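Asker: Letter by letter, the chains look like this.
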Amino acid sequence: MKHLLSAADLDRSEAIEILDTAAQMAATQSREIKKLPTLRGRTVVNLFFEDSTRTRISFETAAKRLSADVINFSAKGSSVSKGESLKDTALTLQAMGADAVVIRHQSSGAPHTLAYAGWTSGAVINAGDGTHQHPTQALLDAFTIRRHLVGDSGRADVAGRDLAGLHVAIVGDVLHSRVARSNVQLLHTLGARVTLVAPPTLVPVGVGSWGADVSYHLDEVLTEGRPDAVMMLRVQRERMSMAGGGFFPSPLEYTRGYGLDARRLAALPDHTIVMHPGPMNRGLEISADAADSPRAVIVEQVSNGVAVRMAVLYLLLAGETTNMKAVGE
Amino acid sequence: MTTTKYLLRAVAPLGGERVDVLIADGVVAAIGADAGTLAGSDATVVESAGLVLLPGLVDLHTHLREPGREDAETVLSGTRAAALGGFTAVHAMANTTPVQDSAGVVEQVWRLGRDAGWVDVHPVGAVSVGLAGEHLAELGAMAGSAAHVRVFSDDGKCVHDPVLMRRALEYVKAFGGVVAQHAQEPRLTENAQMHEGVVSGEIGLAGWPSVAEEAIIARDVLLAEHVGSRLHVCHVSTAGSVEIVRSAKSRGIDVTAEVTPHHLALTDELARGYDPVFKVNPPLRTAADVEAVRTGLADGTIDIVATDHAPHPREDKDSEWSAAAFGMTGLETALSVVQEAMVDTGRMTWADVARVLSSTPAAIGQVSDQGRPIAVGEPANLTLVDPAARWVVVPHEQATASDNSPFGGREMHGRVVATFLRGRATVLDGLAQDDADGSRRAAGRTETH
Amino acid sequence: MSSGTGAPAGGAHDETLVLGVPEIARALTRIAHEVLERNRGAADVVLLGIPTRGLPLARRLAARLAEVEPALDVDALLGSLDVTMYRDDLAHHPTRSIGATHLPPGGIDGKVVVLVDDVLYSGRTIRAALDAISDLGRPRGVQLAVLVDRGHRELPIRPDFVGKNLPTAAAERVRVLLDEIDGRDAVLIEGAVL
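Those protein sequence lines, which keep their order, are chains A, B and C.
Sequential numbering of the first sequence, starting at 362, is according to this note's numbering.
Sequential numbering of the second sequence, starting at 11, is according to this note's numbering.
Sequential numbering of the third sequence, starting at 1188, is according to this note's numbering.
Mixed in with the good hints there might be a few duds.
Listed next, the stretches of chain A that the computed footprint assigns to chain C, with coverage defined by at least 3 CB atoms under 8 Å from CB atoms of chain C [to be verified]:
#1 375-387
#2 392-402
#3 668-681
In short, the hints are calculated from the structure, not lab data.
Just so it is clear, the structure is predicted and the values come from calculations on it, not from any experiment.
Ideal Cβ positions, reconstructed from N, Cα and C, are used throughout, including at glycine.
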């Protein structure tokens, strides 16, 4: 694995290796001394063309816990209307000796372009691109699901295990969601069954090829589908003011049809966990009752995010790299 | 005009029987046994056994970029590329800067073409002032100018206001013009990046749905029927569009349609690598759509092939997908694509190629001295093709000033050996005839055998 | 984890058996007694095995300590210490997968940690282990037990308890096979493979 661009790039054994490594990383994070010397001397650049304080901090924490040098490069506000700036930025980072570039970009495929246009020799990690992919989010979600739902009490040794037999409902704005795309692919790879739940306007054309079930009816999925995990997606209020009057008539109507509230929470099986990639719109896609309930693992998702990103950085950067080879040759 | 005579020995006009053809004094001087006799000793002999002779190709849809974007293409570089691609006439689209929406600008482009001398340049006039889609441009003035404009188009933008479209369709009847529509419903394609379908859904690029093209074509054929006007549909790309045009023709509506080489050959699967060289408008569609446009071209539903040659400088393509410009070059690869997709597959004959790439586009554009039959006394606008040749596209070696060919690295079928513009060889032995010693290799070509 | 244990099992060229089943058992029993002697019992001792083959060795030593001192709880004195993330040669090898680190319930603060590994060679694994230990707590002392010391040290590190001193050439390979992992007990030395 040279880059992490898409959840679709991971086969089952690679995905499990990341989850297993993340489990070891998570174990180190409960210690008093959390910092490991593993990536001393390596430079990780956080290249964010789009604001995302949470994701940037998560990657920054992960890199620092592994003793890598971290450079934060916020390209927002600079001229990104011309593509040339991605190229020039990449060339600059290359000149600075970046071993890995963590990129967040509003344009789908920008990490792919960065990885393959020959502008940088470092590893490229996709931290979210447009409406395409957010693979580390899918990995941390899978990690969280495995921790809670695989093995006896959720704390048994789950190393090497996948998510076979589990049913995950992903609810909300699937059309614009890189989280949904990444999760559908990774959950599928790990053997879980996925049901996408959304109003028809927020279901992408071509979803039939995704290998997931699609439903327009949340209540039916929750009661009859008995999902083991319910993943609520963020709904942006501005989707309502887009072309054609928006994707749904009003926030209230959306919440009635697709919001997770106390009533729907009560309909879930006892073991079902509630997830959200954050940031939440409380009262829109998820009510405070649901977000703060004991079955919500939303805060844990955040801490698992650090462990998963440590694992990805370790697996991409700790071994022999092309940079090192170039130096050695 | 040059007085050089050319004797094409054992050439196959339209792929038929081998004969000798003599080109002299700008016309086809003789065909058959007396060609050799009339050639005398001073004719340049072109051994043409195995080669196909076509009427010079006519492109109804070229972006020459001058004035305004000379960094992408100039009339000189674009027409030289056209000649190398076998063309003897091109229609230069109106989306220049300033826009070709007045007699002054179209005459400027027309003169630049005449000075360059590679092919006849027929400027296309804008339908609306500044392509803004609000007010009719001075269509009559452009028609009456030295440029003699007959094709009007806001190409790049759709004439989406139905009233404006109706007025344009009606107005051009006064001078026998035609409106060439870029069919794209703007609201359905806001921020669209590629064909809306399985691939766009997976790779997360905003979709350009087929219906956005089909809805406009459906509306426009009904408008054309209502006002009794002639309509031309640019770059038909979907199976549904072919169906609508087919049905309109069967009802007797005066509509013609074009397809681009890239829509005959490439699909949206190519977007998966996010290489903006495959970003084009209308977008590459599915394999089923490719099959439909091939069928439509073969059965005459689609009248012509037009390149939509759209050069862009490297910085407009060297970026992430959504920041990149739409468009691909095509003048130097069009004939090869048509040969591979249509002739080598047995769907069309070389006579059909002459129809879709020469005589019909000339008729739609009302260019009277182009697209003529290969017959004694006709203007010698001719293209000589070697169907057996194979070559590999090297974009930066092509004659066009831009590198955005979607066929880079691909092996192409057939190559243009010679192009004659009114009897003068613009291309000979595959070389553009601008070098005194003719030593420079044809640009963009690496022979494979 | 130690150098020389990675050869494919059953490789048959020029193998010499250095220790067999009874020799390995005797060596471990002797080490167990030496540990008890040196530390005046095992009350404060924690055995940390270094994966992969240090782990079953540590478990066998713990069982022997408990045989001598029946009051000892094997689980309370046994742990594992993965040193991968502390290695100084990560960039020179393909990515290694990370093993588990488990400390006994009492932790290691104030204890005597006995590191257990199969082969001592350059000393770099033990250097990494010492760093790892210092991030986990503050033991009263650290001792080192190895089944085989093959020499060629690159760092000032020496073992406290050695099953067998085995002078080797650098080109030779030492392979330790353990029943728990490899299906049999043996220490083999292989000549330079061309």
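Asker: For which of the previously enumerated hints does the structure constitute a violation, in increasing order of number?
Answerer: Going through the list in order, the structure violates no hint and respects every one.
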